[in-house]
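A.B. asks: Listed below, chain by chain, are the residues.
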Amino acid sequence: MSLAQLPLLEQFLLLQAALVLFLSFGLLSQTRLLAAIHAFAWQGALIAAVTLTVAIAGHSHHLYFSALLTLVLKAMLIPWMLHRLVRRLALERHTETLSHPALVSMVAVALVIFSYWVVVPIVAEELTFTRNIVAVSLAVVLIGLLMLVARQQAVAQVLGFMSMENGLFLAAVSATAGMPLVVELGVAFDVLVAMVLFGVFFFQIRDSIDSLDVDRLNRLTETEEETA
Amino acid sequence: MDEPVMLSAWGMALLQALLYPALAPLLIGWVRKVKARLHNRRGASVFQPYRDLRKLLAKETRVAHTASPLFRLAPYVVFVATWLAAATVPLVARDLPTAQIADIIVLVGMLGLARFFLALAGMDVGTAFGGMGSSREMMISSLAEPAMLVAVFTLAMSAHSTSLSSVIGYHLAEGFVLRPSYLFAFGALVLVALAESGRIPVDNPSTHLELTMIHEGMLLEYTGRHLALMELAAHLKLLLYGVLIANVFVPWGIGQAFAPAALALGLGAILLKLAVLGAALAVGETVVAKMRLFRAPAFLNLALLLALLGLLSHVILEVGA
Amino acid sequence: MNIHPAFLLALLALTLALASSLVALPAARWPRALRWASLPLLALSGVAASGAGLWALIEGLDLGLTLPLGLPWLPWHLQLDALAGFFLALIGILVTAAGIYGPAYVRGLENGRESLAALGGFSGLFVTGMLLVVLAADAFLFMVAWELMSLASYFLVAFHHDNPANRRAAFLYLLMAHVGGLAILLGFGVLAAFAGGFEFELLRGAELSTLWASLCFALVLLGFGMKAGLVPLHAWLPEAHPVAPSHISALMSGAMLKVAVYGFVRVVFDLIGQFHWQWGVVVLVAGSLSALTGVLFAMMQSDLKRLLAYSSVENLGIIFIALGLALLFMSTGHPTLAALAFVAALYHAINHALFKGLLFLGAGAVLHSTHERDLEQMGGLLRRMPWTGLFFLVGCVAISALPPLNGFVSEWLTFQAALQAWQLDSGVLRSLIPIVSAVLALTGALVAATFVKVYGVAFLGQARSRHVRRARVVPMGMRLGQGLLAVFCVLLGVLPTQVIALLDPVAEAVFGTGLPQAAAGGWLWLTPVSAETASYSAPLSILLLALIAGVAILWARRGRVRRVRRCDPWDCGLTPPTPRMQYSAASFAQPIRRVFALAFVLDERKPTATDTRPRYRLRIADRAWSLLYMPLAQAVESAARRVVLLQSGNVRVYLGWTLATLLVLLWIIS
Amino acid sequence: MSALILTLLLPLVGALLLAFVTSVRWAGWLNLGIAVLTLTTALWLGWEVAEHEVIAGLHFRVDAFNVYLVVLTAFVGLTTAIFSRPYMRHVCANARVTPAGMRIYHSMYQTFMLTMLVALTTDNLGVLWVAVEGATLATVLLVSLYRTPEAVEAAWKYFILCGVGIALALFGTVLTYFAAQQVLADPTEGLTWSVLHAHAAALDPTVMRIAFVFLLVGYGTKVGLVPMHQWLPDAHSEGPTPMSAVLSGLLLNVALYAVVRLKMLVDGSLAATDTPHLAGALLMGFGLISFLVAGLFLHRQRDIKRMFSYSSIEHMGLMTFAFGLGGPLATFGALLHMLVHSLTKSAIFVTVGHAAHIAGTQSIDRIRGLIRTQPAVGWSLLLGVVAIAGFPPFGVFASEFLLLTATIQTQPWLSAALLGGLAVACAGLFRHVQPMVYGTPPEGQQPVEANMLPVMVHLGLVLWLGLAIPALLAGWLDRATGLIAGSHLL
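Protein chains in written order, with my numbering: chain A, 1 to 228; chain B, 1 to 321; chain C, 1 to 670; chain D, 1 to 490.
A couple of the hints might just be wrong.
[To be verified] DEER-style ranges, computed between Cβ atoms:
#1 C:R29 x D:L463: 52 to 58 Å
#2 A:N218 x C:S626: 52 to 58 Å
#3 D:T22 x A:N218: 36 to 42 Å
#4 C:R470 x D:L463: 46 to 52 Å
#5 D:Q446 x C:I669: 37 to 43 Å
#6 C:Q498 x D:A416: 16 to 22 Å
#7 D:L463 x A:T97: 36 to 42 Å
#8 D:S2 x C:R29: 48 to 54 Å
#9 A:N218 x D:G444: 40 to 46 Å
#10 C:T15 x D:G444: 44 to 50 Å
#11 D:G57 x A:R206: 45 to 51 Å
#12 D:Q446 x C:T15: 26 to 32 Å
Just so you know, the hints here were simulated from the structure itself, not pulled from any lab data.
Note that CB positions come from ideal geometry on N, CA and C, so glycine has one too.
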């Protein structure tokens, strides 16, 4: 069925999903840390919006709560923490030079197509709409992973990781109208703790190799020949 | 067999066993005589070997300080083993219990035992020549023994038996058949016999030239009665091979029963055969030259090859499944 | 349930062996625990085992028993039938000898650095393992016992672990034992897949297609052949056997290799229960190859124990030749002949156990009193250690397959079996078997040469080094141990008919027929097929030997001068020869080395005329290494070198792997 | 039920308490005490489960499959605590760790135990996910405890890789939930394993397929399946030794446990489709690859702890393969292998800790002649390796026997690969271990005061399991086999 036949709310949902996807492209290609963090915050906000929309659509109350949760956590708390970290690490001016930006975004596009192709076989007519959202969120997840692969800056990697989480939230909310509350809370808690730990590790890494370039974390390897 | 026959059989067996050492020197003497004639010499009497043995027995026996008890034990073992081996080969009569005691594989084993102690004795005193002799002897024998066994197997497989008397009986029973396998086996046995009894072209019984000697090298340290035993054992060995070849390939004339006539015939027959063989040996030793030691393997490989050919031709041509 | 006394005896043997390993543990603090408690217990266990084995043989028992151990649905199944009994007896005799011999031997180790607790403990476990393998009646227990045996012997090989060479040997041994064990395990797996269970009872009933049966056969041949040291799977054997303490070497060569033979017989002849002439040919060829290679390399060795180890390879080859003949005859429907070959194999198995054990114990005695394993340093030991010299001589004569000792009987039987080839229909086999017997003959002759070298160089002549010149008679226990085995060598040589009467039930059990003709002519005459075909009377030949000896002595000693005078050696009138002028082991082997040069990888350094200090160096390598083992090792190494590229150290690469895996999987499933 | 609650509460309380105990001595003892109590309650739980098949309630469910893992976890937790008390004091004395670090260590130790137990006992896939992620978070700080550059690097890699993996697993979970919602009357139960298992056949196979891929990659990362294994050797080699022991002994098991639970669901939903054994095939593939690759890795090791972590990968691969193979024989073997492997491997890591102390280094080339320096340690290491290499009479042999025979019954040609892999692995282990235990020790290699009790107990148990499997355990394992493979063995 075509977009036009969908109710307005769902069209709105798809729009938001599209925006989320767009933002993760932005994250992927954004070289300035602070800007990337902002993009991430916006992504979080959009996820929250999506949740809210679904809540309104489905009148499911616990989704209101999780919308709030998402907003606070993804759009405010974590970006704020990252902000603080970046400032304390004196990385405000840090810009990263991507090795092959064009290639990376091409790969990202390919990933989008791939994820759609993967999800297509889910054939249940009334699901087409959710199916597409699953495709989008899968794309977001994969792009987040791609970002982890492409970026050598620890903070940027964390952003990629977090945007993966965003993709998960998107999927959870839009496709399944929200996970059970227990799980939501647990996940949120884990993410928060993870964020804190990331913060700790930024400093540990900087102390050990006085930089946050993960390519320089290459002591532990099997490849070099024995020096006996 | 009922008692009296049994007894007479055993008696015969013992007589025949005694006949071997009695005849052995004679064969040597005969060969030497013929050789001398071929060399246009008069040569010593045919009975010279007996006199040599008597002389050796009369002489004092000396043993090196460095020798161990085994050195004095060895001559007896060598002699006894060779004699026992010989005793199992039908000489004048065929169906003797001694032939039952040991078939042809045991015979080879007995000769092996003799050789084993002979070689050990050679190494005992700890002289260079002794060791050299033993080493070469074992090399030669390790090639000759398989050749001999395979040649014998050819006979055994066609006669379906490894007991000499059965083999001979089988041949007598089926009369004269021209078997290619026997030709090869015969050739192999002759070569082996030459090598094993230390004749030209492998070894030269009448030299003490250190580079060439094998058998003599091991006997260097022996004197007196020990030497006599060793010599006699060597003679026995030659006789044994002669009789083996003669009676297995040309069994006719051997005594089938224990009747005096048959036995006398058998004795005459074997003497005749041995005379011929001895003459042939003498001729061969005169015309052929002793070969270098490391040509000997080739010589024995030829023997082994012949033997195998015999075996295969038997399997392929004669059984004919 | 009431257990048959024979079985109780076997269990007692097991317990005693275990006990001996337990009481050895305090040896860490009190070294004497080994001498006074552990080894005597081991000897007792040996006695019990041989008793149980003989019982089973004489009565032709076939008993079963289950113990509440093992897997929940598969308790340990034990069995005691004729076959097991025979090998039980074999192991028992050897263990007894080792137990008697051991105390005096380990005394020499008490002030060494190695822990005697390990020695005693693992010796006990080793024996336990061997006995348990023979008694096992289900695949699981069999494998447990088998690997226990391998493992314990590994620790014994690694006993003198200060020497890196020994460690390498132990490593190689463990590795090959493990691979072999796994192969056997898979072989059992094939059987079990068809039988639906692991008990031998069920495995016997398994209906395999020829393909599967052949696969199973190949696996077990690989596994047991590896343990039995069949060429080219023998590489570990000459490395591992010599480095263990000598009484253990005796057990390893004498008993453990036979356990491998047992396993092969049990699985191939008993469990698989079908015979194909192709199998026979394979075994025959493998056996001949091992026999020839083994003896040739034995001839070339100058390390006494290493030489003995190589000769074990040769003897196992002979055993497998006989087994191959049995397979051939069975597959072509001649059970009686198969039984003949089989009996020959068993006979040679026990013979080899006896004389190889004896020889290793002798080598141990030499080692004990001279601390020397290198033949080139020995000489003249017969006059310094007369008893050991005598026993060793018996061993040498026996192993050289010379009448009237035991080695000859089994070789004779093997020949007799081979000579029945004319009864086969297929001309190919008819011509193959005689060639094999030719190889056998060649092997026999070379063995004689080898042991002339060993005895002549080590025990005769003059001492080649000071410490050998100072050699002393070894203690009573060690002499007893050797004597026991020597006596057995003579007995089995002189009374073949009785021994074969004992072996008959085994053949009966396996082929359903024994050797009815064997003693047809009375106990004096051994006539395996029929009196016309072949007969051998060891007792009478002994009698005649004695008789003739008497005659000879009388005749020879009637000369005028009776007494023997001592003098310097003549040696063609050279100056009194020095020890360095003697033929050395290497020089003795030189002609054969030259004749069979093809078999070896020779690295010979002859001194040149201008050498100030001329030295002759000779290295002989085994082709199996360059052809089989090295390539394998290199393959693994290079594979490892490639694989480690996975661990590049860069976290982004790792994440890339994760992403790639994810995508590939998604692609696969859609 | 109360037993279960206690079993979960004890570590929680312990974690909170230990976070505030400043005295290293008391912390060690307290840690030990809590471990003891946990074990007792775990045994109680086991007894209850033996009483009445299943204990379920409030998102928790204990059946035959996980109860023996619970007991095992508590047990290894205890023995490791016994070892860690003197060991960590030794470490602390060498000032490699600050007292604050020690507080984190002990608190996190209990937290880790908590997450393990929760992950094992929960019936809710979401909670399972939360627990496994929690385990990562709890251990990641411990990996970087020593603050050496290597440690920090290892921790970072561990964190990122497992974080990503787990995130993927969450996506899989979401998809499962998504599939569940289409069939379940009450969507909130969409993550309850038991309910899902009941309705497995109805779940949309396509979604489940995709979901399983994500779950496999996700939890597989934690299992240490090649090629997502790279974090494992780093984390094992750089973290404190007790951590390595529990990681290898427990965490990997739990991750594999999760994978198997989910495989059961997927099998249910795919049963009707044309690829009913997809999950099994994937598991077999990953297992075999991990097994072979890890075996090869063993040959190139220079760090003793890394080496044994690769051996862990190898064995996890073997178990994964066996679970993928399916069938009662293989499954029973795999369950048994889980048990004996974690016992043996934790014992080995404990021994390795002592060995490293003796030699003052983890570099294989510089550890020599342990048997001479300290026979107890040397022999334990040697015997441990013998056990892990699959020699009888140790239990690992029993399980490998079952695996191999099961393989040759169902997939005969793969058994060749197993044969080669085992041989390569055995060679890889012994070529490094022999020089370490044998030979003459270098100068200045001193014995240390070592408490070999845990090692003895573990190896003793493994030996016992190799000789005879007690009826109770056999019953548990067999019921678990029934759950997983659908048919019993006994």
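A.B. asks: Give a verdict on every hint.
C.D. replies: Hints, one by one, checked against the model:
no., hint, result
1, C:R29 x D:L463: 52 to 58 Å, "24 Å, violated"
2, A:N218 x C:S626: 52 to 58 Å, "40 Å, violated"
3, D:T22 x A:N218: 36 to 42 Å, "37 Å, holds"
4, C:R470 x D:L463: 46 to 52 Å, "47 Å, holds"
5, D:Q446 x C:I669: 37 to 43 Å, "57 Å, violated"
6, C:Q498 x D:A416: 16 to 22 Å, "47 Å, violated"
7, D:L463 x A:T97: 36 to 42 Å, "59 Å, violated"
8, D:S2 x C:R29: 48 to 54 Å, "50 Å, holds"
9, A:N218 x D:G444: 40 to 46 Å, "32 Å, violated"
10, C:T15 x D:G444: 44 to 50 Å, "45 Å, holds"
11, D:G57 x A:R206: 45 to 51 Å, "47 Å, holds"
12, D:Q446 x C:T15: 26 to 32 Å, "41 Å, violated"
Of the hints listed earlier, those the structure fails to meet are numbers 1, 2, 5, 6, 7, 9, 12, in rising order.
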